Amino acid sequence: MTTNKIELRTVNVTRYITPLREGGSLPALAEANDDFKYVLKFRGAGHGVKALIAELLGGEIARTLGLKIPELVFANLDKAFGQSEGDEEIQDLLKGSQGLNLALHFLSGALTFDPVVTQVDEKLASKIVWLDAYTTNIDRTVKNTNMLIWHKELWLIDHGATFYFHHSWDNWEKAAVSSFPYIKDHVLLPQASLIEEINDEMIALLHDEKLKEITNLIPAEWMEWEGTDMKPDEIREVYYQFLVKRRNSSNNFVKQIQDARKTLI
Numbered sequence: 001m002t003t004n005k006i007e008l009r010t011v012n013v014t015r016y017i018t019p020l021r022e023g024g025s026l027p028a029l030a031e032a033n034d035d036f037k038y039v040l041k042f043r044g045a046g047h048g049v050k051a052l053i054a055e056l057l058g059g060e061i062a063r064t065l066g067l068k069i070p071e072l073v074f075a076n077l078d079k080a081f082g083q084s085e086g087d088e089e090i091q092d093l094l095k096g097s098q099g100l101n102l103a104l105h106f107l108s109g110a111l112t113f114d115p116v117v118t119q120v121d122e123k124l125a126s127k128i129v130w131l132d133a134y135t136t137n138i139d140r141t142v143k144n145t146n147m148l149i150w151h152k153e154l155w156l157i158d159h160g161a162t163f164y165f166h167h168s169w170d171n172w173e174k175a176a177v178s179s180f181p182y183i184k185d186h187v188l189l190p191q192a193s194l195i196e197e198i199n200d201e202m203i204a205l206l207h208d209e210k211l212k213e214i215t216n217l218i219p220a221e222w223m224e225w226e227g228t229d230m231k232p233d234e235i236r237e238v239y240y241q242f243l244v245k246r247r248n249s250s251n252n253f254v255k256q257i258q259d260a261r262k263t264l265i
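At position 151 of the sequence shown (counting the first as 1) the number is 151 in full-length UniProt numbering, and the numbers step up by one without a gap.
Hints in this document: simulated from the structure, not taken from any laboratory.
Since the model is a prediction, treat every value here as computed from it, not as a measurement.
We put the CB at the ideal spot given by N, CA and C, even for glycine.
Treat the hints with care, since some could be wrong.
Stated by the list, open to error - Result set (DSS-like, lysine-lysine): computed pairs, CA atoms no more than 30 Å apart in a straight line:
id : residue 1 : residue 2
1  : K210      : K50
2  : K174      : K152
3  : K174      : K231
4  : K262      : K143
5  : K5        : K68
6  : K123      : K79
7  : K5        : K152
8  : K152      : K123
9  : K245      : K50
10 : K50       : K174
11 : K79       : K184
12 : K184      : K231
13 : K5        : K123
14 : K231      : K5
15 : K174      : K184
What the hints assert, rightly or not - Simulated restraints on C-beta separations:
id : residue 1 : residue 2 : range
16 : K231      : T118      : 42 to 50 Å
17 : T228      : D259      : 32 to 40 Å
18 : N4        : K262      : 33 to 41 Å
Using the sequences and the hints given, assemble the complete structure.
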């Protein structure tokens with residue numbers, strides 16, 4: 001099967017501009033040596049490298065399914081970066097994030113998606129709901145849509161809350177076949193009426209070769225975890241097997257989506 005190979009660029013962060021919101025993750029607007037601005041996600045924040053892995057996998061799976069997400073790049077933070085930062089919390093964050101981080105191309109002028117203002121067509125809504133059930137994304141709700149309108153098109157952002165099974169790493173096999181009840185809170189659930197119709201299309205796009213390619217993107221230095229004797233290749237293989245098993249069990253979460261939609265009627 002011929003597919004376009006996924007390749008992520010690597011940039012060097014040259015300027016920290018401003019934090020984008022309060023909270024544990026403290027993403028920031030930053031500039032890199034290619035003169036573009038990025039939303040920078042730090043390895044030293046919140047859930048650390050696991051959030052970066054989730055962002056990487058969730059984002060590239062979304063792109064594979066034909067959904068729009070900003071370009072993802074690996075972002076290097078030099079040891080000297082941020083030494084002049086006056087805010088102690090931010091300085092600690094920068095010091096704890098030296099090395100390889102992840103960044104999303106900044107969509108200048110984009111507006112936060114408002115479900116009251118913008119109507120999403122049924123097929124697009126169904127694809128996004130399917131994606132989030134597949135990746136176990138708990139963070140695409142009315143309170144926090146994690147979607148933007150840019151150039152009159154819908155763009156997906158912030159996939160750091162996907163694959164939450166990896167925070168405990170226990171019984172990933174069970175998590176892979178779960179029905180994902182949190183889908184009941186999805187902001188696009190009311191419009192997702194074509195879930196069953198698009199299921200085969202989504203499965204076909206996520207063939208084994210593509211899933212292996214996506215999981216191979218995870219840098220080895222993001223898989224040096226405390227509390228585990230697993231090697232990076234072994235951790236990467238678990239992610240791959242999780243994605244394969246969940247794809248093969250998609251009927252479980254498709255039925256959950258359909259049942260959740262019935263409660264809305």
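Right, here's what the structure says about each hint:
A threshold of 30 Å between alpha carbons decides the hint, and for K210 with K50 the separation of about 21 Å falls inside it, so the pair holds. Among the hinted pairs, K174 with K152 is inconsistent with the structure: their alpha-carbon atoms are about 40 Å apart, more than 30 Å. Taking the CA atoms of K174 and K231, the gap is about 22 Å. The hint holds against a cut of 30 Å. Between K262 and K143, the direct Cα distance comes to roughly 22 Å. Compliance with the 30 Å bound is thereby established for this hinted pair.
Simply put, K5 and K68 have alpha-carbon atoms about 17 Å apart, close enough for the 30 Å limit, and the pair holds. Restraint check: the Cα-Cα separation between K123 and K79 comes to about 46 Å, which exceeds 30 Å; the hinted pair is violated. A threshold of 30 Å between alpha carbons decides the hint, and for K5 with K152 the separation of about 28 Å falls inside it, so the pair holds. For the proposed pair K152 and K123, the alpha carbon gap of about 17 Å is at most 30 Å, so the pair holds.
For the hint linking K245 to K50, the alpha-carbon distance of about 20 Å falls within 30 Å, and the restraint holds. Restraint check: the Cα-Cα separation between K50 and K174 comes to about 19 Å, which is no more than 30 Å; the hinted pair holds. Between the alpha carbons of K79 and K184 the distance comes to roughly 44 Å, so the proposed pair goes past 30 Å and is violated. A C-alpha spacing of about 36 Å is found between K184 and K231, which places the hinted pair above 30 Å, so the restraint is violated.
A C-alpha spacing of about 26 Å is found between K5 and K123, which places the hinted pair at or below 30 Å, so the restraint holds. A distance of roughly 25 Å separates the Cα atoms of K231 and K5; the hinted pair therefore holds under the 30 Å criterion. Taken as a hint, the K174 and K184 pair is honoured in the structure, with Cα atoms around 20 Å apart against an allowance of 30 Å. Look at K231 against T118: about 45 Å separates their beta carbons, and that is inside 42 to 50 Å.
The hinted window of 32 to 40 Å between T228 and D259 holds, with their beta carbons roughly 36 Å apart. Between N4 and K262 the Cβ separation comes to about 38 Å, which falls inside the hinted range of 33 to 41 Å.
The structure fails to meet hints 2, 6, 11, 12 from the earlier list, while all remaining hints are met.
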